[in-house]
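J.: Top line first, the protein sequences correspond to chains R and W.
Under the numbering used here, the first sequence has 82 at position 82, and the numbering climbs by one with no breaks.
Quick note, the numbering used here runs 1000 ahead of the 1-based positions in the second sequence.
One thing to keep in mind: the hints can contain errors.
To be verified - Capping the alpha-carbon separation at 20 angstroms, the derived lysine to any residue pairs in SDA-like fashion look like this: (1) R:Lys50 <-> W:Leu1035; (2) R:Lys134 <-> W:Pro1050; (3) R:Lys172 <-> W:Ile1043; (4) W:Lys1120 <-> W:Lys1137; (5) W:Lys1075 <-> W:Gln1177; (6) R:Lys172 <-> W:Val1159.
Unchecked claim - Listed next, the stretches of chain W that the computed footprint assigns to chain R, with coverage defined by at least 3 CB atoms under 8 angstroms from CB atoms of chain R: (7) 1022–1030; (8) 1034–1046; (9) 1134–1145.
As the list claims (entries may be wrong) - Going by beta-carbon spacing under 10 angstroms, a handful of chain R positions derived as facing chain W: (10) Pro68; (11) Val84; (12) Gly142; (13) Val144; (14) Ile171; (15) Glu174.
The set of hints was computed from the structure by calculation and includes no laboratory data.
Positions of the beta carbon are idealized from the N, C-alpha and C atoms, including for glycine.
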Amino acid sequence: MSSPPTKRHLPLLLGYKKSKALLRGKDKKVQLNLTALIDMFTILVVFLLKSYSAEGQIVTLSDALTLPESNAEQTVQLFLEITVTNDVILVDGDPIVYVDEAILSEGNPIPALVARLSDHLEYTRLMRGTTDEKEMKVNIQGDVAVQAILLQRVMSSCAVAGYVTQNLTVIKVEGEKNDTPEG
Amino acid sequence: MAKAATGRSHRIRHVPELDLLPVMNLFCVIIPFLLLSASFLEITVIEMCPTEGISASGAGTTSLARSEEQLLQPKVIITNDEMFLGTVFGTRHVSYAFLQNRDGEITPTYDFNSLSEALKSLREELDTVFPTIPVNKIIILTVDDIRYETIINTIDVCVDHDFDQPGLQVAAYSVLQRQIAAGAAGGE
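I would like the entire structure built from these sequences, with the hints used as guidance.
T.: Put into structure tokens, the structure is as follows:
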């Protein structure tokens, strides 16, 4: 059993009798103990440095869009952006085709989209004098609920217009996804 | 260190205190900056391979001179009821569709663990039978109303087994049935 604390070890502020030491230090400045705060900030800085992105955000995500999750690791680069939702197809933010039953009932390239993409490629060719492989790439942002036929039509339109490489934009998830239903 | 023999060891040592205020100031500047430039959502891409289209009649625009790799190229066939794996060794059933409620909509989903196992055994077979031919391309062949999310999940499983050049083909259900039947007949 430990002995009771001596008078000297009692906390000065809690003691019923204030000691001379306290009275002497009455005019002294009160100092905060910053060690705990520094510890917390250090952890926060390390965490934020880990998620720091020097490149900035290349892709602008629409609110009307939920990108699918994937384990893909290839980083996104700045190419022409095609956004596909269940309502509309946008090229660089401009609505080009409104999705209806007729669009979903066929499997061929979409003429309006092909025309817009061809124009863009031609414009790039005129501006730069030449087009290399980098300009013939597109990033397709599709909503999770988009039907395969719509995606295929967009992809084939890109191919017809001259955009041979099509990248599907996804949200990277760490570890394994568990999409398999139970039972 | 041994205590002094004189017993005058009760001197209070004043340890110089570090001035932590500049460190705090630095942190107060760094943290908002890092918070602003941190990206908590990492966007990546899946590069798709150009694929041959399938017309409504089911006749693909197949070139006569197909490479060996193209001939060995497997296909994951997804219908609303089942998922199959079409390979040079024949077409195999992988999984039946499960109905799942996603965003208030009942949609079919599949057992991706079974697909993973099927692709694993296919990879082993290909490595054994055709060790000199690298097979990295795979076709995701679906009916027209399969969700984009399902396609991405399928691609993820394929990439895990080194089929990292996925292509997409969409066909009518009747066309897929013909493909499955042809594959099954070829495998027998």
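J.: Of all the hints given earlier, name the ones this structure violates by number, lowest first.
T.: none
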